[in-house]
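Sequences listed follow chains A and B, in order.
Its first residue numbered 1, the first sequence is counted upward by one per residue in the UniProt record's numbering.
Its first residue numbered 1, the second sequence is counted upward by one per residue in the UniProt record's numbering.
If you're looking for bench data, these hints aren't it; they were derived computationally from the structure.
Treat each hint with caution, since some may be false.
What follows is a set of in silico ranges between Cβ atoms, one per label pair, in the way DEER data are often shown [unchecked claim]:
hint : chain 1 : residue 1 : chain 2 : residue 2 : range
1    : A       : Arg168    : B       : Tyr99     : 46 to 52 Å
2    : A       : Glu125    : B       : Met56     : 46 to 52 Å
3    : B       : Gly231    : A       : Trp117    : 20 to 26 Å
4    : B       : Ser97     : A       : Asn60     : 39 to 45 Å
5    : B       : Met71     : A       : Gly14     : 49 to 55 Å
6    : A       : Phe56     : B       : Ala262    : 29 to 35 Å
Yeah, the Cβ is synthetic: ideal placement off N, Cα and C, and Gly gets one too.
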Amino acid sequence: MLKIKNLEKIFYRGTPNENIAINKIDLTVNEGDFITIVGSNGAGKSTLLNSIAGVFPVENGTIILDNEDITKKTEYKCAQKIGRVFQNPLAGTSPEMTIEENLSLAISKSNNLSLKWGLSKHKREIMRKHLEKIDLGLEKRLTTKVKLLSGGQRQALTLLMATVANPRLLLLDEHTAALDPATAIKIKNLTAELVNENNITTLMITHNMEDAIKMGNRLIMMDGGKIIYDIPAAEKADLTIEKLLKMFEIKHGGKFNNDRMLLSV
Amino acid sequence: MNLSFAITSLEQGLAFGIMALGVFISFRILDFADLTVDGSLPLGAAVSARLLTMGMNPFFSLGAAIIAGGMAGAITGFLNTKLKIAPLLSGILTMTSLYSINLRVMGRPNIPLIGKETIFSFIRDLGIPYPWNNLLLLIIVIVAVKLILDAFLNTQIGFALRATGDNPQMIRSMGISTNSMKMLGLIISNALVALSGALVGQYQGFADVNMGVGTIVAGLASVIIGEVVIGEKSIMIATIGVIVGSILYRFSISIALNLGLAASDLKLLTAILVIIFLSTPRIKKALR
Chain A
1 MLKIKNLEKI
11 FYRGTPNENI
21 AINKIDLTVN
31 EGDFITIVGS
41 NGAGKSTLLN
51 SIAGVFPVEN
61 GTIILDNEDI
71 TKKTEYKCAQ
81 KIGRVFQNPL
91 AGTSPEMTIE
101 ENLSLAISKS
111 NNLSLKWGLS
121 KHKREIMRKH
131 LEKIDLGLEK
141 RLTTKVKLLS
151 GGQRQALTLL
161 MATVANPRLL
171 LLDEHTAALD
181 PATAIKIKNL
191 TAELVNENNI
201 TTLMITHNME
211 DAIKMGNRLI
221 MMDGGKIIYD
231 IPAAEKADLT
241 IEKLLKMFEI
251 KHGGKFNNDR
261 MLLSV
Chain B
1 MNLSFAITSL
11 EQGLAFGIMA
21 LGVFISFRIL
31 DFADLTVDGS
41 LPLGAAVSAR
51 LLTMGMNPFF
61 SLGAAIIAGG
71 MAGAITGFLN
81 TKLKIAPLLS
91 GILTMTSLYS
101 INLRVMGRPN
111 IPLIGKETIF
121 SFIRDLGIPY
131 PWNNLLLLII
141 VIVAVKLILD
151 AFLNTQIGFA
161 LRATGDNPQM
171 IRSMGISTNS
181 MKMLGLIISN
191 ALVALSGALV
201 GQYQGFADVN
211 MGVGTIVAGL
221 ASVIIGEVVI
231 GEKSIMIATI
241 GVIVGSILYR
251 FSISIALNLG
261 LAASDLKLLT
271 AILVIIFLST
281 PRIKKALR
């Protein structure tokens, strides 16, 4: 459903700081895939996700989503079919607006905006049902301003907002990295739940090798702007962190240098 | 302070209150410090006054002012979203151009409206004497504007507009163009400011090319006084705050004048007032 061909992204092109962030990547994502992405610092993981999301123009290549060429589409147009959650738990919600107002925007995402009321009884019922599922008691706090929530609560809300309109593709960029360990586990479980329940095709960057192995049905390892391994479900089942690190060292010719990752191994 | 002074302050507070609601949209909702208002306020007055001298119905002339103000906002929006000129500079550029445009619209620097039919004389002729004619009309207009604005900000588009100023990244993730939202916000904001200008012009009996100087500071003062005095728990409360802030602002100016302050020192006083109110939260924090 997502076909990336010969994708190339170069930052500061033609300057001494030129940086080839994505080096001619080909990737085909199948319907229902849940792909975890690992790699050292500067491997191009975030750049890959940002390229798909249309955050910046790419130098070369094409990105096809559902037979539609989205390579040149701007961020907000891509977002109509793509849900995203960022590392920063504050990035995905509007702090001065209430929980129900934030969710309302997410629920109306698939429709064109109109002058209809942003909130309605019907909409609130839908919201309560969704909020009950994430089990943080937020269904009783619909009129609370989001700035009053904790980072974990905000990230859970963001995750819900990113999935509630059934996006064709979900992009998660280290979305649990800024949370405390207990909250991170909750958000991970919630991620698995929401993704499985709605069968959303997902790309998830993580710095946690264990999660990368445990979660999803496919694992991609990136290095130097290239995909160095693309491990299918069958092989992934037998993976261990040690094996994965060894595989990396073979291709990379050096130790893995993701500081956050070493801490979490 | 005698009664007539109080009534004048109240009338001015209401007439300029619509401008303050406009500034509330750009400054608070969109987080866009829009200096266009120094030009769009006299633009509204100029368009309305010129049309009055040509014999247009005074109520229709308000509509024309609204459209003209919206166009001024659209130009600032275009400069910022399409040409990527910084918000502050976009507003300054439009404001500067509007000075020339306002002179063109009026054909001269000042249009007196003495003896012309205005919305206020129209109501007076219906048998409502001064000052009730002014007060009644201004209250009806500002309450209508407030209620429409409250309703709008609670629609789907209104939500998107509010989130655009609060977290643009989030609104892009929701598949909404932040550029369109900024454009829309600036159009509505300056349309209201121009409506306020047209009302002020008809109320004071003239339109003047220089009447817009310091509009943004007066607008900010009203918004901030309102936040401190009334609060900003919800949109409905915040818009009441803006109107109350505008009235309090005009009262404080009147009091300062009554105490013997020279009219020429007013701008300085306003600026100091805004600084005090803007810094109040920080000073409170530091003292805690």
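For each hint, the structure was consulted:
In this structure the supplied range 46 to 52 Å holds for Arg168 of chain A paired with Tyr99 of chain B, their Cβ-Cβ distance being about 51 Å. With their beta carbons about 51 Å apart, Glu125 of chain A and Met56 of chain B fall inside the hinted range of 46 to 52 Å. Gly231 of chain B and Trp117 of chain A have their C-beta atoms about 24 Å apart, which keeps the hinted 20 to 26 Å range intact. The supplied range of 39 to 45 Å is met by Ser97 of chain B and Asn60 of chain A, whose beta-carbon atoms lie about 42 Å from each other.
A C-beta distance of roughly 41 Å is found between Met71 of chain B and Gly14 of chain A, which places it outside the suggested range of 49 to 55 Å. The hinted range of 29 to 35 Å is not satisfied by Phe56 of chain A and Ala262 of chain B, whose Cβ atoms lie roughly 55 Å apart.
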